[in-house]
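All chains, please: the whole structure from these sequences, using the hints.
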Amino acid sequence: MTSPVPLDPSVAPPGTREFRDAGGIPADRWHADQNGETLVPTHCCFCGVQCGMYLRVDRGGKVFGVEPRNHDINRMRLCPKGINAYQQVNHPDRLTAPLMRHNRDQPFREVGWDEALDFTVAEIRRIQTEYGMDAFGLLGGASLYTEKTYLVGKFARVALKTRHVDYNGRLCMVSAAGANKLAFGIDRAGNPFSDMLLTDCLLIAGSNVGECFPVMTQYVWGARDRGATLIIVDPRETAVARTADIHVALKPGTDSAFFNSVLHVVVAEGLTDEAYLAAHATGWDEVKRTVAGYPPARAAEICGVPEEQIVRVARVFAGAGKAMAWHARGVEHHSQGVENCLSIINLCVATGHIGRPGAGYGTLTGQGNGQGGREHGQKSDLLPGGRSMTNPEHRRQICEIWGIDESELPPAGTSMMEMVWQMQRHEIRGLIGICNNPFVSLPHYATVKDGYDTLEFHAQFDFFLSETAANAHVVFPVTVWAEDDGVMANAEARVVKHNKAQEPPAGVRTDTWVMCELARRLGAGDKFDFPDSRSVFEELRVASAGTVNDYSGITYERLEETGGIVWPCPSVDHPGTPRLFEDGRSYHPDGKIHMQVVEWHPPMDPYSEEFPFSLTTGRTVAHYLSGNQTRRLGALVEQTPRPWVEVHPAHGFRNGDPVRVVTRRGSEVFPALVTDAIRPDTVFIPYHWPVPTAANALTIDALDPRSKIPEYKVCAARIEAAEKVDDVPAPPTGPGRLAYPEAQVSRVDPLPPTSPQGRGTSERS
Amino acid sequence: MMGRTIFIDPGRCIGCQACVSACRECDSHRGKSMIHLDYTDEGHSVASLPTVCMHCEDPVAPCAEVCPADAILVTADGVVQQADTTRCIGCANCVNACPFGVPKIDLQAKLQMKCNLCYDRTAYGLAPMCATVCPTGALFYGTLEELRAERPGVQVADSFTFGATTIATGVAMVVPADKVQWPVPGGLPIVEVNGVDVR
Numbered sequence: 001m002t003s004p005v006p007l008d009p010s011v012a013p014p015g016t017r018e019f020r021d022a023g024g025i026p027a028d029r030w031h032a033d034q035n036g037e038t039l040v041p042t043h044c045c046f047c048g049v050q051c052g053m054y055l056r057v058d059r060g061g062k063v064f065g066v067e068p069r070n071h072d073i074n075r076m077r078l079c080p081k082g083i084n085a086y087q088q089v090n091h092p093d094r095l096t097a098p099l100m101r102h103n104r105d106q107p108f109r110e111v112g113w114d115e116a117l118d119f120t121v122a123e124i125r126r127i128q129t130e131y132g133m134d135a136f137g138l139l140g141g142a143s144l145y146t147e148k149t150y151l152v153g154k155f156a157r158v159a160l161k162t163r164h165v166d167y168n169g170r171l172c173m174v175s176a177a178g179a180n181k182l183a184f185g186i187d188r189a190g191n192p193f194s195d196m197l198l199t200d201c202l203l204i205a206g207s208n209v210g211e212c213f214p215v216m217t218q219y220v221w222g223a224r225d226r227g228a229t230l231i232i233v234d235p236r237e238t239a240v241a242r243t244a245d246i247h248v249a250l251k252p253g254t255d256s257a258f259f260n261s262v263l264h265v266v267v268a269e270g271l272t273d274e275a276y277l278a279a280h281a282t283g284w285d286e287v288k289r290t291v292a293g294y295p296p297a298r299a300a301e302i303c304g305v306p307e308e309q310i311v312r313v314a315r316v317f318a319g320a321g322k323a324m325a326w327h328a329r330g331v332e333h334h335s336q337g338v339e340n341c342l343s344i345i346n347l348c349v350a351t352g353h354i355g356r357p358g359a360g361y362g363t364l365t366g367q368g369n370g371q372g373g374r375e376h377g378q379k380s381d382l383l384p385g386g387r388s389m390t391n392p393e394h395r396r397q398i399c400e401i402w403g404i405d406e407s408e409l410p411p412a413g414t415s416m417m418e419m420v421w422q423m424q425r426h427e428i429r430g431l432i433g434i435c436n437n438p439f440v441s442l443p444h445y446a447t448v449k450d451g452y453d454t455l456e457f458h459a460q461f462d463f464f465l466s467e468t469a470a471n472a473h474v475v476f477p478v479t480v481w482a483e484d485d486g487v488m489a490n491a492e493a494r495v496v497k498h499n500k501a502q503e504p505p506a507g508v509r510t511d512t513w514v515m516c517e518l519a520r521r522l523g524a525g526d527k528f529d530f531p532d533s534r535s536v537f538e539e540l541r542v543a544s545a546g547t548v549n550d551y552s553g554i555t556y557e558r559l560e561e562t563g564g565i566v567w568p569c570p571s572v573d574h575p576g577t578p579r580l581f582e583d584g585r586s587y588h589p590d591g592k593i594h595m596q597v598v599e600w601h602p603p604m605d606p607y608s609e610e611f612p613f614s615l616t617t618g619r620t621v622a623h624y625l626s627g628n629q630t631r632r633l634g635a636l637v638e639q640t641p642r643p644w645v646e647v648h649p650a651h652g653f654r655n656g657d658p659v660r661v662v663t664r665r666g667s668e669v670f671p672a673l674v675t676d677a678i679r680p681d682t683v684f685i686p687y688h689w690p691v692p693t694a695a696n697a698l699t700i701d702a703l704d705p706r707s708k709i710p711e712y713k714v715c716a717a718r719i720e721a722a723e724k725v726d727d728v729p730a731p732p733t734g735p736g737r738l739a740y741p742e743a744q745v746s747r748v749d750p751l752p753p754t755s756p757q758g759r760g761t762s763e764r765s
Numbered sequence: 001m002m003g004r005t006i007f008i009d010p011g012r013c014i015g016c017q018a019c020v021s022a023c024r025e026c027d028s029h030r031g032k033s034m035i036h037l038d039y040t041d042e043g044h045s046v047a048s049l050p051t052v053c054m055h056c057e058d059p060v061a062p063c064a065e066v067c068p069a070d071a072i073l074v075t076a077d078g079v080v081q082q083a084d085t086t087r088c089i090g091c092a093n094c095v096n097a098c099p100f101g102v103p104k105i106d107l108q109a110k111l112q113m114k115c116n117l118c119y120d121r122t123a124y125g126l127a128p129m130c131a132t133v134c135p136t137g138a139l140f141y142g143t144l145e146e147l148r149a150e151r152p153g154v155q156v157a158d159s160f161t162f163g164a165t166t167i168a169t170g171v172a173m174v175v176p177a178d179k180v181q182w183p184v185p186g187g188l189p190i191v192e193v194n195g196v197d198v199r
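Chains as they are written, first to last, in the UniProt record's numbering: chain A, 1 to 765; chain B, 1 to 199.
Just to be clear, a hint being listed does not mean it is correct.
[Claimed, not checked] Which chain B residues face chain A? A few, computed with CB under 10 Å, are given here:
# : residue
1 : C16
2 : D27
3 : S48
[Said to hold, decoys possible] Simulated coverage check for chain B against chain A, where a stretch passes if three residues somewhere in it have a Cβ under 8 Å from a Cβ of chain A:
# : segment
4 : 120-134
5 : 149-160
Think of the hints as simulated: they come from the structure by calculation, not from any bench.
Glycine is no exception: its CB is placed at the ideal position from the N, C-alpha and C atoms.
Here you go:
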């Protein structure tokens with residue numbers, strides 16, 4: 001690999017001016033202009049679209065800006081998060097030395113790496129000796145490069161020898177993953193984004209595409225430009241729903257009743273593709289019998305939508321020559337998340353809309369590496385290559401690759417939320433968290449805080465001091481995405497390569513280095529001889545060979561040449577597999593699609609006279625996940641300085657009024673955003689902020705029994721007038737650092753939202 | 001009619017402010033955004049609308065016409081530049097003259113700033129930063145033919161009336177398909193669509 005920072009600009013590759021003269025930026029070259037500026041091709045660190053971008057690097061080797069990149073996925077386009085992402089690389093809040101303390105009531109002090117590592121290893125040893133190997137847990141993250149997520153799984157099982165490892169993708173899209181595995185035997189979207197441009201009917205359920213995946217709107221509206229019918233299923237009128245042909249504003253938590261009813265109408269009107277079902281699917285008879293119990297009259301009552309709308313959706317979707325269904329967290333964040341996804345899959349399969357250009361299904365991944373992050377063993381029940389923890393053959397294969405005895409490999413562990421409950425019960429006494437922030441991202445904050453406070457030892461890896469890290473005993477300062485090489489898989493399962501653009505600050509190490517160093521000190525150094533990401537990737541390729549999630553044909557060189565390869569890719573001359581099931585075969589051994597019976601049941605938090613509203617949560621366009629990164633970037637903070645509660649005008653509030661939202665778990669006060677764009681029986685709060693403005697202090701920690709995803713998207717609530725809105729706390733920072741330096745962003749009392757999407761006012765001078 | 005220019009399509013805008021952030025990254029006024037993003041019907045709709053400088057052609061740039069210091073130059077290709085820093089006296093005449101509310105005054109610096117169609121980029125054949133990144137295509141940079149190749153049948157307006165005055169602009173607006181013959185909300189009739197008088 002060439003150095004991204006040329007020492008002598010006179011011998012730099014063809015310059016910025018030249019490619020500007022040529023009228024465009026070539027996809028895969030590094031450039032420098034006469035000022036010594038270099039453009040390093042990479043991808044955005046945020047959501048699952050993984051837009052290509054160039055980072056601008058100055059002569060001193062520092063990232064200082066961004067330039068659009070003509071990559072297949074985004075074709076130069078970027079959203080505000082992507083444009084501002086580079087600002088976190090040299091942000092003044094960056095942690096640059098390990099932080100340590102022996103008790104939570106002490107302040108952090110900056111220490112050397114040896115002291116922090118020794119203390120951590122001593123605590124791991126102490127806890128595991130006293131309480132057993134499984135008393136120590138590891139929680140990873142799906143914002144990490146795939147190499148690092150592979151290392152997390154291996155580190156837990158080989159170095160820590162614990163069964164308790166999971167990751168924050170558990171909060172993201174495991175319901176879709178579970179449903180896809182049950183139905184198709186493969187855990188990924190069936191079609192590439194570009195197939196949206198070929199479809200005649202595009203159904204998007206539970207996804208605020210405009211705010212969560214802005215760059216996807218080019219595909220959504222590209223479909224519309226070509227005459228496709230756009231159907232949006234969402235309780236809120238989002239920016240995309242505003243322009244849809246049919247907007248089904250159903251009540252939160254009723255998705256499977258709706259899709260069962262749509263399938264009921266499809267059957268009743270004879271619009272099923274019986275030839276496809278007979279040849280390629282099993283379980284259709286049982287599914288048909290079940291959906292008979294969901295006539296539109298019943299579903300209309302459950303979902304709170306007109307009967308005619310259900311009939312219309314069925315006719316349009318089934319009647320289209322090619323139809324696609326895409327969904328996201330609105331469908332998946334439920335105690336019946338897997339069922340919801342299966343009901344959509346049933347509809348696609350029954351109408352034969354599968355495995356063709358413009359016909360199929362997909363999931364819009366929330367986290368940058370939500371797809372790749374679970375494929376290689378970071379999830380509690382998975383081994384690398386998507387192998388099962390419970391399958392003896394799979395276990396044997398991995399033990400062989402890792403060079404350990406089968407008896408040494410722990411059994412499957414529990415999910416992220418369950419691990420918090422185990423912390424409360426003292427079953428888990430020590431924890432390492434890697435690039436996650438459960439204090440903001442997990443539901444029912446009081447439980448989460450209690451669980452973490454109960455830990456005898458807690459270490460976090462992060463590059464900013466997150467709310468969770470601020471509660472730890474040790475914080476390891478690690479690299480941001482632009483300081484290391486690695487791959488991520490986007491929502492299409494397209495593996496893309498991120499390139500290192502600058503050297504990390506002194507005192508900062510890569511997550512790979514820290515894990516390998518901890519492993520060495522724990523006595524497993526011979527299994528963790530990984531000097532860089534490439535060496536991890538080479539082992540990952542071997543470990544995934546022959547599985548469904550086959551990466552063995554993917555190399556760094558190929559990724560740089562092609563701009564991304566979609567797995568499965570079993571050999572170095574294999575082009576990848578952008579579209580699944582083109583031959584009608586699923587990835588189950590019998591080659592059939594296994595349709596699953598879905599019965600709707602009400603959400604876990606019952607409505608009552610005291611709690612008559614549905615509370616639902618979601619993202620804003622300016623922020624990402626727990627906001628640990630975006631709540632520090634000036635432009636994004638100014639764009640959306642604080643959360644709000646969206647309420648319908650029927651309740652008598654005016655814009656900006658303080659509204660107390662109460663659930664069975666707590667209450668908080670937000671400014672009202674009064675809008676017609678939400679159902680009268682539903683309120684909405686964006687979730688990127690910590691207490692006392694945390695949507696997740698109110699949400700319920702009920703889990704889907706199969707995917708163990710929390711039910712973020714619906715709980716019972718009431719609203720009442722309040723005196724004053726709760727203030728937004730500034731993000732925590734390391735010792736000696738300033739939160740929000742003056743030059744970075746003004747922190748005057750943020751204005752209440754004035755627009756329906758709460759994005760704040762536009763810039764007016 | 002128009003050559004390569006920006007087309008604004010409010011029907012596609014999701015209010016994400018990528019254009020606002022991108023404009024801040026543009027080299028000619030780094031750190032300041034020259035785009036207005038308006039929410040047009042707050043409380044009832046999520047509709048939003050980005051406004052860049054419309055680069056008025058006829059009469060030539062009211063902002064430049066009223067500038068007492070001759071600080072606002074119009075290039076041969078019709079781009080209305082931001083104020084020349086060596087001439088601008090920060091009097092805000094241009095702010096008052098602009099029918100679209102575009103120029104901004106930095107009162108401390110006594111300097112006007114406005115969108116200059118990313119002259120540092122367009123001069124080299126690149127699209128302006130805002131239209132390059134716009135994730136939805138609400139801001140599109142190219143020719144009318146290129147726009148129509150992507151969006152068949154799209155209708156655009158490049159003239160606007162303000163009372164008795166009609167202004168033809170270098171930047172065009174996409175007109176909703178069902179409203180080509182209608183007045184624009186606010187009572188400003190479209191006088192010209194693709195060079196054809198539709199009054």
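How the hints compare with the structure:
1. Given hint, C16 of chain B at the interface with chain A, holds; its Cβ is 4 Å from that chain's nearest Cβ, closer than 10 Å.
2. With its C-beta approaching chain A no nearer than about 9 Å, D27 of chain B sits inside the 10 Å limit, and its interface hint holds.
3. About 7 Å separates the beta-carbon of S48 of chain B from the nearest beta-carbon of chain A, less than 10 Å, and the hint is met.
4. Counting residues of the segment 120-134 of chain B whose beta carbon lies closer than 8 Å to any beta carbon of chain A gives 9, which reaches the threshold of three, so the coverage claim holds.
5. Check on the segment 149-160 of chain B: 3 of its residues sit with their Cβ under 8 Å from a Cβ of chain A, so the three-residue criterion for coverage holds.
Going through the hint list in order, the structure satisfies each hint without exception.
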